[in-house]
Amino acid sequence: MDYGETADVHEVHAAIQREKREPRVGLEPLSIWLIAVYGLAIFTGGAYLGRYSGNFSGDGLDPLGGPPPAKKGSAAGPGGPIQELTPRDRGKKIFAANCQTCHQANGLGVPSQYPPLAGSEFTTGGSKRPAMIVLKGLQGPVTVKGQKFGSAVMQPWDKTLTDQKIADVLTYERSEWGNNASPVTAEQIAALRKELASHPESYTEPDVLAVPAETELPGGAPAGAAPPKPGEAAKPAPPAPPKPQS
Amino acid sequence: MTPTADIPLKEPVISAAASDAEQLERARIDASTRVPVLMFYASAMVWLLIGTLLAGFVSFKLHSPDWLSDVSFLTWGRLRPVHMNVMVYGWASMAAMGTAIWLMARLCRTTLRHPLLIVAGIWFWNIGVLIGVIGILMGYSTGYDWLEFPSYAAVVLFVAYALIMSWAVLMFRFRRGDQIYITQWYLLGAFLWFPWLYAAAQAMLFVVPVQGVMQAAVGWWYANNLLFLWLGAIALGTAYYMIPKVIGRPVYSYHLATIGFWTYALFSSWTGMQRLVDGPFPAWMITASIAATILTIIPVATVGLNHHMTMQGYFPVMRYSPTLRFTVFGAMSYTVFSIIGILISLRSTARYLHFTEASIAYSHLGLYAFFTMVMFGSMYYTVPRLVGREWRYATLIKLHFWASAYGVGLMSLMLLVGGFAQGATQDDPSMSFIQSVASALPYLRGRTVAALLLTISHFIFAFHFGLMLFGLGRTSTVPTFLNPVEAEGSETHL
Numbered sequence: 001m002d003y004g005e006t007a008d009v010h011e012v013h014a015a016i017q018r019e020k021r022e023p024r025v026g027l028e029p030l031s032i033w034l035i036a037v038y039g040l041a042i043f044t045g046g047a048y049l050g051r052y053s054g055n056f057s058g059d060g061l062d063p064l065g066g067p068p069p070a071k072k073g074s075a076a077g078p079g080g081p082i083q084e085l086t087p088r089d090r091g092k093k094i095f096a097a098n099c100q101t102c103h104q105a106n107g108l109g110v111p112s113q114y115p116p117l118a119g120s121e122f123t124t125g126g127s128k129r130p131a132m133i134v135l136k137g138l139q140g141p142v143t144v145k146g147q148k149f150g151s152a153v154m155q156p157w158d159k160t161l162t163d164q165k166i167a168d169v170l171t172y173e174r175s176e177w178g179n180n181a182s183p184v185t186a187e188q189i190a191a192l193r194k195e196l197a198s199h200p201e202s203y204t205e206p207d208v209l210a211v212p213a214e215t216e217l218p219g220g221a222p223a224g225a226a227p228p229k230p231g232e233a234a235k236p237a238p239p240a241p242p243k244p245q246s
Numbered sequence: 001m002t003p004t005a006d007i008p009l010k011e012p013v014i015s016a017a018a019s020d021a022e023q024l025e026r027a028r029i030d031a032s033t034r035v036p037v038l039m040f041y042a043s044a045m046v047w048l049l050i051g052t053l054l055a056g057f058v059s060f061k062l063h064s065p066d067w068l069s070d071v072s073f074l075t076w077g078r079l080r081p082v083h084m085n086v087m088v089y090g091w092a093s094m095a096a097m098g099t100a101i102w103l104m105a106r107l108c109r110t111t112l113r114h115p116l117l118i119v120a121g122i123w124f125w126n127i128g129v130l131i132g133v134i135g136i137l138m139g140y141s142t143g144y145d146w147l148e149f150p151s152y153a154a155v156v157l158f159v160a161y162a163l164i165m166s167w168a169v170l171m172f173r174f175r176r177g178d179q180i181y182i183t184q185w186y187l188l189g190a191f192l193w194f195p196w197l198y199a200a201a202q203a204m205l206f207v208v209p210v211q212g213v214m215q216a217a218v219g220w221w222y223a224n225n226l227l228f229l230w231l232g233a234i235a236l237g238t239a240y241y242m243i244p245k246v247i248g249r250p251v252y253s254y255h256l257a258t259i260g261f262w263t264y265a266l267f268s269s270w271t272g273m274q275r276l277v278d279g280p281f282p283a284w285m286i287t288a289s290i291a292a293t294i295l296t297i298i299p300v301a302t303v304g305l306n307h308h309m310t311m312q313g314y315f316p317v318m319r320y321s322p323t324l325r326f327t328v329f330g331a332m333s334y335t336v337f338s339i340i341g342i343l344i345s346l347r348s349t350a351r352y353l354h355f356t357e358a359s360i361a362y363s364h365l366g367l368y369a370f371f372t373m374v375m376f377g378s379m380y381y382t383v384p385r386l387v388g389r390e391w392r393y394a395t396l397i398k399l400h401f402w403a404s405a406y407g408v409g410l411m412s413l414m415l416l417v418g419g420f421a422q423g424a425t426q427d428d429p430s431m432s433f434i435q436s437v438a439s440a441l442p443y444l445r446g447r448t449v450a451a452l453l454l455t456i457s458h459f460i461f462a463f464h465f466g467l468m469l470f471g472l473g474r475t476s477t478v479p480t481f482l483n484p485v486e487a488e489g490s491e492t493h494l
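Protein chains in written order, with our numbering: chain H, 1 to 246; chain S, 1 to 494.
Accuracy of the hints is not assured; some may be wrong.
[As the list claims (entries may be wrong)] Partial selection, computed: residues in chain H whose CB lies under 8 Å from chain S:
id : residue
1  : Glu22
2  : Leu30
3  : Ile32
[To be verified] Straight-line Cα separation of at most 27 Å, DSS-like style, residue types lysine-lysine; simulated pairs:
id : chain 1 : residue 1 : chain 2 : residue 2
4  : S       : Lys398    : H       : Lys194
5  : H       : Lys92     : H       : Lys159
6  : H       : Lys159    : S       : Lys398
7  : H       : Lys93     : H       : Lys20
8  : H       : Lys92     : H       : Lys20
9  : H       : Lys145    : H       : Lys92
Treat the hints as calculated values from the structure; they're not laboratory data.
Here a beta-carbon is modelled for each residue, glycine too, at the ideal position from N, C-alpha and C.
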């Protein structure tokens, strides 16, 4: 017979027979010394929390409650107060992260593969053409500064970059490398993005050429305005805080 | 020599003996849990052996990194997470659930209904761990400590857990008798905390990942809480049962037990972030965890005192009872583990230690010296009752105990001292990083010796357990004592 089927107490395994009763609980009182230990622990824990809490500040990394690192830098003061990044500075970072691989840091592109941005008639003309190209991408043969390009495809950036970022990078491209064209704002890009929402494909050269070269996006500074100086350009732009990842 | 003869008995022997009806009921309950619990234990033993061999590989590779390094799935970066996860989910969780189911049935005084559903849960759990291990070996580790299993393995584990847990909780629902014993608090708590921890960590890391560095905070919160609220809670509950049961004396104080339980639940759940000292977090988050770690001294002192006072006068019984020897070793290690945990998490020491081997020592103190030793103790108690045989060789039990005790002691010592050496070198700007690696090297070799001891101990235990499983234990009315008992009547204490 299987052990598990035993029903007779006399066949119950010896281990169970010799067992003690199930454990019970005594009711001894708390010792005064233990209460002292509790008090000491709570005091120590509380004191520790108070001392190293960094004033419970959400951005205080210093447990002793020193100022957050950014302000600390300004207190030390060698670089003076930290400036808000201008749209052009932000654009430079976005360009370095997304565009530089093909168009190169000097904006000259790669001969017969990637068209230049420096002095390009597309980049420096009215703001609509470059904005269209960045938003939706460009494919097929294209002629820039008299040279033919056509092997590479530019991807659309409307899914990847925000209006602000596209505006910043265009502002940068249109004022760097000797280019001298008007800045672009996030509102202009937002309007254009809406206008182009129904256009699913990448543009080709004829699409872009169909837009007159001097067409500006509505709502911007007049064409041929002076290139934005760092700092000045920051004023009309919305005070978007610099994103840590850009 | 008759050390047990003069043990002060708090109450007469007669009242400590169980009645016939009680024995019969207990036999029925034990029989109903037999298949699932033995299956839990057998699976846990297999994973323990696998995990132990992996630990040997991992330890060896740290000082001889070129060995087998051209086989992708045998590289350190894959074997180490496999070792940790096999130990946590394969060995520790399965042994814990086995013991917990057995204890729950006994303490609720209800037979385990439909044990085959739990058996299905055990299969699922084993499959989940196996899938996870293969996933990590193939390079699909998630990269979070203790959560490396790919998500599909986590889903299988969750289904398995739901099957197992629902029966444990149902037993509690159908309990008989008025009193709820301390062990039941811990077990019920653990059974409800684990799904909460696991689901929260999975959701916040993989389903809807929290932002950036907060993932590290979630990861460490999970790892620490798994150790405390899942494995630790079951081990404490088991100790609360085994110690008074074996010596036949009531637990010292109900009040201490209550305070110990609630402060344990309250403070442990805040810990974890002390491992991120000086990380890019608001200082208060880390400090709150350190303060909670300091406060864990309250449950430690309370539970430790409660166990100590229960044992007082009965310590000589550890000479004879394997269960008591392992369990008391584990319960004492809980105190050591927690105090070392407090010392290495203070900002002043954590600066040196938190990127060193010392944190590995801390994990081993918790998972092995405390949890695993208590589990070994409970297995020495339950297995003879489940298979109807006594352990065959007292010598093997003694070897198992001493190899485990010296093994984990040596390992913790080596890693702690090695961690200090490593941390001090890392903190010295005039030393290059490679010097800090070299400073830990002798200790890492020492750790390999410790791993060897533990391997021996586990193979001995697995062999002994296998004998019991195949019905090759002793048929006897006398339990297997570690040392021959000369005193008359002393077997009633075991």
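### Query
Does Glu22 of chain H pass the interface check with chain S, least Cβ-Cβ distance below 8 Å?
Given a least distance of 7 Å, the restraint on Glu22 of chain H holds.
### Query
Holds or violated: is the Cβ of Ile32 of chain H closer than 8 Å to a Cβ in chain S?
violated, 13 Å
### Message
Holds or violated: Lys93 of chain H and Lys20 of chain H, Cα atoms, limit 27 Å.
### Response
Violated, at roughly 76 Å.
### Query
Hey, Lys92 of chain H versus Lys159 of chain H, does the alpha-carbon distance stay inside 27 Å?
OK: Lys92 of chain H and Lys159 of chain H at ~20 Å, within 27 Å.
### Query
Does Lys194 of chain H lie within 27 Å of Lys398 of chain S when you go C-alpha to C-alpha?
At roughly 79 Å apart (the allowed maximum being 27 Å), Lys194 of chain H and Lys398 of chain S break the hint.
### Query
Can the restraint linking Lys159 of chain H and Lys398 of chain S be considered satisfied, given a maximum Cα separation of 27 Å?
Since the Cα atoms of Lys159 of chain H and Lys398 of chain S sit roughly 68 Å apart, the hinted pair is violated (cutoff 27 Å).
### Task
Verify the proposed pairing of Lys92 of chain H with Lys20 of chain H, using a straight-line Cα cut of 27 Å.
With a Cα-Cα distance of about 80 Å, the restraint between Lys92 of chain H and Lys20 of chain H is violated, given a limit of 27 Å.
### Message
Run the distance test for Lys145 of chain H versus Lys92 of chain H: straight-line Cα separation, threshold 27 Å.
### Response
Holds - the C-alpha atoms of Lys92 of chain H and Lys145 of chain H are around 23 Å apart, at most 27 Å.
### Query
Quick one, is the Leu30 of chain H hint okay against chain S at 8 Å, beta carbons?
The hint holds - Leu30 of chain H has a Cβ within 8 Å of chain S, the shortest such distance being about 6 Å.
Figure legend: structure checked against the earlier numbered hints; hints not met, in rising order: 3, 4, 6, 7 and 8.
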